[in-house]
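In order, the protein sequence lines correspond to chains A and B.
Counting with the numbering used here, you get residues 1 to 236 for the letters of the first sequence.
Counting with the numbering used here, you get residues 1001 to 1262 for the letters of the second sequence.
Bear in mind the hints are in silico, worked out from the structure with no lab data behind them.
Note that CB positions come from ideal geometry on N, CA and C, so glycine has one too.
Check the hints yourself; a few may be wrong.
One-sided excerpt, in silico: chain A residues whose CB lies under 8 Å from chain B [as the list claims (entries may be wrong)]:
{"hint": "1", "residue": "146"}
{"hint": "2", "residue": "148"}
{"hint": "3", "residue": "149"}
{"hint": "4", "residue": "153"}
{"hint": "5", "residue": "156"}
{"hint": "6", "residue": "159"}
{"hint": "7", "residue": "162"}
{"hint": "8", "residue": "164"}
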Amino acid sequence: MKIALPILIVLTVILLSYAGYMALSPNGAPTEQTMGNVQRIFYYHVPSAWTAFLLFFINFGASIYYLIKRSPAADIVALVSAEVGVVFCTIVLITGPIWARPVWGIWWTWDMRLTSTLVLWLIYVSYLVLRRFSSSGQTALLAAALAVFGALCVPFVYFSIWFFRTQHPQPVMGGGGSIDPRMLHVLLLNWLAFSCFAFLVCWARYRVEKLQRDVDEAHAMRSLMDLRNRRQQRSA
Amino acid sequence: MNRASDTGRSVSTSQVSAQQTRANLGHPASAVALKMAVQPAKGITRATLLKDLRLEWRSKDAINSMLFFSLLVVVVFSFSFDPSAEESRQIAGGLVWVAFLFASVVALNQTWARELRNQVLDAYRVSPAPPNSLFLAKALGNFVFVAVLEALMTPLFIAFYRLRALGPAWQLPIVAALGTWALVVNGTFFAAMSLRTRSREIMLPLLLFPISIPAILAMVQATTAILTDESSARFWIVLLVSYDLVFTTSCLLLFETVLNAE
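Produce the entire structure from the sequences given, and follow the hints as far as they go.
Put into structure tokens, the structure is as follows:
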């Protein structure tokens, strides 16, 4: 375990820099004909979105597992994946308008994909708010219940807004759109790099959270022991 | 599995106690007790619901504050655009539901507050009564409150905004009932959840609104579709029905866990 973390860090740094080079240099991904270099933000936008969705899915799985088994580790995984997922979702919501302004001429539009990503972001932010505001003993259970509700809500968000309106470019995968194979290659490379990075951050965050809980538990135990010792002294 | 055996045990214990009550007392009330024991879940739901309705009938706390609140929303909105214009029909659906949504939070917030006094909720938790009947009673009670609010406010909306449904008006009550249930079933659940948090009055809308977004969208779009007759409301009604089914089921599955969260 101790050796795995540095290896993962080195691997992620190499992958991220190589993928970044491929995404930004014309030697890697070709420049898009109509949009020009602005299109290159696509290599950050889409992988971030996929990573965020993956993390939210992990959050759902971990929450279900926690509800069944009540394992504290699953609770930490759920917390960590929601936190990192919200960060990646925020990246998606920031890079989207940066791209949209020169290409569509507007910062934001209430299109299906934008709106549903925003709603997803809102749901998981409310999840984090609940975790922050609930008293420590019950947080895990309440948060797991809310995570299940949030995940159940996702298809409804998707269908309702899909019927509502759509303007976003057709999805690259399975949407009938065509993409240069070199662009697809760079995109997948970036996704791999971003997933590695997300995994690394999650891991670090998991260890911090685990240590924090251990410290809290030790504090609680010590104050209990102090109380008992004092009582014994008094009775003696 | 665990839940089924728990419910089974609770039925048998309350049956035994009811039989004892009948044998010992021979009082007319024992007949009620027996009836409640035979159908414990239904009896508890009905008893809690009637108690809440009676309390509300005597105090009228929730309904008065909701009515006044939504009246304020109507008046404030009337300053932000011309309410008599023909275009107001386009926004009326959204406006009506925003008023009801904010007003229903008032009722939802005090759902469980009453049970915290004198540790009623703790007593309920240690009793063998099935938690879901308590939940259903609370959700039905909130549904009644919000439905009464809607029934009282709708004439006012029609008068203030000169509303007239160009589409099939008989669909409006269906949309209202489904939409209200979508709000109150999740609202009751999240109100129980926010009981265990700091600053619980603020927590409820923070939890409820994001999850309710698809339902709110469906309600608003269905109402607008009916008022303007520009499109069919059928898709939105189907969406509301499935939303209600999915979330009622998950509330019933998870309520016991949330009620007993320690």
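request  = Would you pick out the hints that fail for this structure and give their numbers low to high?
outcome  = The structure conflicts with hint 7 only, although it agrees with all the remaining ones.
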